[in-house]
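Chains as they are written, first to last, in the working numbering: chain A, 26 to 246; chain B, 81 to 419.
Derived by calculation from the structure, the hints in this document are not laboratory data. Treat each hint with caution, since some may be false.
As the list claims (entries may be wrong) - Reference excerpt, derived from the structure (chain B facing chain A, CB under 7 angstroms, subset only):
#1 Met-105
#2 Leu-220
#3 Ile-224
#4 Gly-228
#5 Gly-262
#6 Asn-278
#7 Gln-332
#8 Thr-333
#9 Val-342
#10 Glu-345
#11 Gln-367
#12 Ala-370
#13 Ile-371
#14 Arg-375
#15 Ala-377
Said to hold, decoys possible - Now the stretches of chain B that chain A is said to cover, found in silico as 3 or more residues with beta-carbon under 8 angstroms:
#16 107 to 115
#17 207 to 218
#18 280 to 286
For each residue, glycine too, the CB sits at the ideal point set by N, CA and C.
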Amino acid sequence: MSTGFPLVRPVGAAALLVELGDRIDAGINAQVIALDRTLAAAAPAGLVETVPSYASLLMTFDPLVTDGAALAAEALHLARTLPAPQGQACEHIVPICYDGPDLPAVAGRTGLTIDQVIAAHLAGDYRCYMYGFAPGYAYLGGVPEALQLPRKGSAERGHPVGSIIVAGAQCLITTLPMPTGWWVIGRTSLRVLDPLGERPFRFDPGDRIRFERVDPVAPDN
Amino acid sequence: MTASLHIENAGPLTSVQDGGRRGHMRFGVPASGPVDRFAFAAANAALGNAPGAALLEISAGGIALRCAGEALAFALCGGDFTAEIDGRSLGGWLVERLEPGQRLRIKGGAAGNWAYLAFSGRIDTDVWLGSQATHALSGLGGGILRPGAAIVVEDVRTGGQRPGPLPAIAASPIETARIVLGPQERFFAPASLEHLANTTFHAGAAFDRMGRKFEGPALPPLSLDMPSEPAVRGALQVDGAGQLTLLLADHQTIGGYPKIAVVVEIDIDRIAQLPAGAPLRFEILSQAEAIALMRRAAREEDLLKRIASRPDLDERLRTINLIDGMVDAGKPDSELPIP
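Throw the hints in and build the complete structure from the sequences for me.
What follows is the structure in structure tokens.
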């Protein structure tokens, strides 16, 4: 496996993948976000769309306007000369009610009490690394090690929108009632996806997220 | 001038689609839009609609609807799907007129998984992020069509669409799809890459708007230890068991499985239409070769549009000469002398 980052790989006839690293790491993701912002500020000719992920940035382009080689060279140059991060990351407060059906199972598997699970989750330092999987599915890294569990063996149905689910180092606020193999520890009234709102997606990749506990009797909406 | 179309029956994969929504993959939102872009474009072109106008995408199970309000014209394109008005079979790839009270039924045929039903008017539906394309998983956009629903068509145009069959497109199924290796081909043994290049795969029976599976030799990834990376329409994703899935219009924007290759855009439509069990081989191109192919296809399409819009004989003869020149040139990346 290659170790010399950044590097650029072709993706079909109309995209490139710029890799800044090969693991989930806040520093690497910060470089991804910095490259994304640099390209947004001064888009090379033919660039159509960029998609940040944990350690890489997808650049789609119009093959009638530019070719992969020219754009790859420009992306590599920009990735090697990234500006230092400027200003504070935007921080969001997410109210959470810890009444998820998997809370006892998470406690059992981690050897913690339910109160310790809650305290550990609240103590996490969360960063929105990327969106993926489905509209508004923001992957929030930063679940403390003591709480990290592998996914369940199979996906289970029926968890409402706004469920807060964890697996490994990741935490996620669901935006669709889809089956999940992640552990459901609570729910929130905050909607990351507000489809018809002025700001349909609440977070930007690179934002920080802090959870704040609210009373279990808090209304769902 | 308004018509309404009352859905009596609809297969589970029936939805409103337009040209798609761009620029939101960073928020987990793929472009959506038609699975078969060519058949979609043909249906709109047949009625003189705008190129990305909203229409109905139909799959297995077909659709049956009843017209109310104004009469209007419709176009049906895609696969071997056929239209039937009040039980009278009309065939496929056609333009026809639908009167109030008539019942239109679209049925699948021997080949093809996706058909496009356009109307001579503006389909009025929910819009999400500037587009009527339906993202099937969330139902956001124009919407999934279920029995009991009604589609309203505004600004109905009644003149100008001559009923009759459309020129049939080459119906032969695609046999070889052009691909560009990567971005994660390094996760595969040389033998797996060899299989990809030299073995015949078969289109699976399982498909939806997100993707289509392929059967063939297992190409097991050497490792699944990769941070999830962005995925595009056309990506050939390989799961832990080594099975290939072609990502389609409603693809996941991020995937945790390695993508061994990406199918060149212009070959995706025909793969999506392959019947289950149809053979398919992959031909590996460099990205530069794939870009040259896309440019050539775009130039040909542009020339065809120019031909269609020039009734003058002198002009037409000159354009035809240009086409001859292009075929002779044989060099995909050469600049054509477009007047």
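Interface restraint verdict for B:Gly-262 against chain A (beta-carbon cut-off 7 angstroms) = This interface hint holds because 5 angstroms falls under the 7 angstroms limit.
message = How does the region 107 to 115 of chain B fare against chain A when you require at least three residues with a CB closer than 8 angstroms, holds or violated?
response = n = 3 at 8 angstroms, threshold three: holds.
task = Count residues of the region 280 to 286 of chain B with a Cβ under 8 angstroms from any Cβ of chain A, then say if the count reaches three.
result = violated (count 0)
inquiry  = The hint names B:Glu-345 as touching chain A; please verify it with the least Cβ-Cβ distance against 7 angstroms.
reply    = holds (6 angstroms)
message = A closest beta-carbon separation below 7 angstroms is what the hint needs, so does B:Asn-278 meet it against chain A?
response = Since chain A brings no Cβ nearer than about 21 angstroms to B:Asn-278, farther than 7 angstroms, the hint is violated.
ask   = Holds or violated: B:Leu-220 as interface residue toward chain A, Cβ cutoff 7 angstroms?
value = holds (6 angstroms)
message = Take the shortest C-beta to C-beta distance between B:Gln-367 and chain A; is it under 7 angstroms?
response = Hint holds; B:Gln-367 Cβ to chain A Cβ min 4 angstroms, cut 7 angstroms.
Hint check, B:Thr-333 versus chain A [nearest Cβ-Cβ separation less than 7 angstroms] = holds (5 angstroms)
ask   = Given as covered by chain A, does the region 207 to 218 of chain B meet the bar of three residues or more with CB within less than 8 angstroms?
value = holds (count 5)
message = A closest beta-carbon separation below 7 angstroms is what the hint needs, so does B:Gly-228 meet it against chain A?
response = violated (22 angstroms)
query = Going by Cβ atoms only, is B:Ile-224 closer than 7 angstroms to chain A?
reply = Cβ of B:Ile-224 sits 14 angstroms from chain A, so the hint is violated.
Residue hint B:Gln-332, partner chain A, criterion CB-CB below 7 angstroms = holds (6 angstroms)
Against the hints set out earlier in the document, violations occur for numbers 3, 4, 6, 15, 18.
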